[in-house]
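Knowing the structure of chain L, use the given hints to seat chain R on it.
Chains as they are written, first to last, in this note's numbering: chain L, 1 to 189; chain R, 1001 to 1265.
The set of hints was computed from the structure by calculation and includes no laboratory data.
Keep in mind that this is a model prediction, so the values were computed, not measured.
Glycine included, every Cβ here is placed at the ideal spot set by N, Cα and C.
Check the hints yourself; a few may be wrong.
Stretch by stretch, here's where chain R covers chain L in the computed footprint (C-beta under 8 Å, at least three residues) [as the list claims (entries may be wrong)]: (1) 29-42; (2) 57-69; (3) 82-93; (4) 151-161; (5) 175-184.
In silico lysine to aspartate or glutamate, EDC-like type, Cα no more than 16 Å apart, as pairs [as the list claims (entries may be wrong)]: (6) L:K17 with L:D72; (7) L:K91 with L:D52; (8) L:K183 with R:E1036; (9) L:K174 with R:E1002.
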Amino acid sequence: MQTGTSITDAELFQQIKGGRHDLIDELYRQHRAPFLRYATQQLYANEEDAVDCFQETVIVFYKNVVSGRLTDLSCSIRTYLFAVGKRLVYKRNQDRRREAPTEVDDDRQYAEELDLSIFQRMDDDHLRSQLQTAIGQLGETCRQILMLFYYHRYPIESVQTTLEFSSPGAVRIKKMRCLDQLKQLFTRH
Amino acid sequence: MERREENQHIIDQYLLGQLSREDIADFLDRCSQDEELAQQLADTKQAMQAIEVAGDQQLLDRLQQLERSLASEETASMTMTAPAPVTEVAVPQTEAKVVEMRPMRRWLSIAATVLLVIAAGYFLLRPTSFSNQDLFAEAFAPYPNTELLDRGSADERQAAYFAYQSGDYEQAYNLLAALPADPGNSFFAAQAALESGQIEAAIERLAPLAADRSFVLREEAEWSLALAYLQLDRLDEARPLLMAISRERGHEHQGDATTLLTRIR
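Pulled out of the complex, with its shape left as it was, chain L reads as follows (with noise of 0.2 Å):
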């Protein structure tokens, strides 16, 4: 589907689904405005909660991309984004109680709607920080090997050429080397 811009949705998609992590980019760029308009007039989201709305609606598109869950577009992206994006602001507008719920609203739990586990929420600050940590006491190239490989979801073929490495076989000693490393990166914190 053409969504008025110079790449097609069908593209965008197939890049994305390919690796492009960058293109998220021209989803922000192609889909904000509308979005933050929506948001604010038709749903009484503020300027705030509409803009980190669309940025965690595009984080959870990617995600769904990447991990498989969308394996096919049938409706716009822009179609998509807003119906996961609403739900995010109903729920941000629940949170703020700006609107005043009702019985039945008060049964609704919009974090089991979403499948949350999707965008990786933690309330817990604590365990969050730590976990970045060990994140961050990783050399770079473990890092990368991880990101890409658990969370990009590269073949390791893929990670192999990204990263140059000289074999499949030597990024998966590797990777296998950094998953240690940040397992031994817990027991210690």
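Just chain R now, with coordinates in the frame of chain L:
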């Protein structure tokens, strides 16, 4: 070492969702019997959690940086086109004068309030009867156009969504129905059909969308479908669908469906 590597390979496949159902069952079975493997799985899960937190943060930092640059571009362009500032005019502040109400006026105002409450109570509590068509009209609102919000080239798709956005639903339906029947177009065609009174056509399009759990607007489609049945007095189909929606925890229209069920005759 070789065994650990092999184990790591299958653990990765499991955690990245690359195993078939059968392989998952085998793997979990192995984990229940092999303590070392189970520990390796737990450690990898924790590592992946850390990687995910760091990855999310990295993307968020990237988008926040982009946002700052886009926001400052916007501010710069607004400054260039902003009109000259208007000099503020000082408005003299006067203190409000408090006047005490006389007893007669107070009684009159109490009486007026009581009358108002009785009148409001009568209108609110009097038995009302709504037809299913009234309930449809009250509950249905076409989903906002999220496909195209910018005016662009005048191709068929643009024209269809432009008609939708302009509120010309009859024209929008005709144009949307002529587009390739992907779920997105089909959903908006159904919305336009509902709004322009072509209920049967809307049902035809909504039924498969409401059953497609991978469709991002599935819940909206389900709600619209229930309303469409209601509009046609097809209560045998509307009721079970509304009940299913009202039971689905977190459904976007769970509350609406619950309320509507109490009002259907």
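If any of the earlier hints don't hold here, list their numbers in rising order.
none
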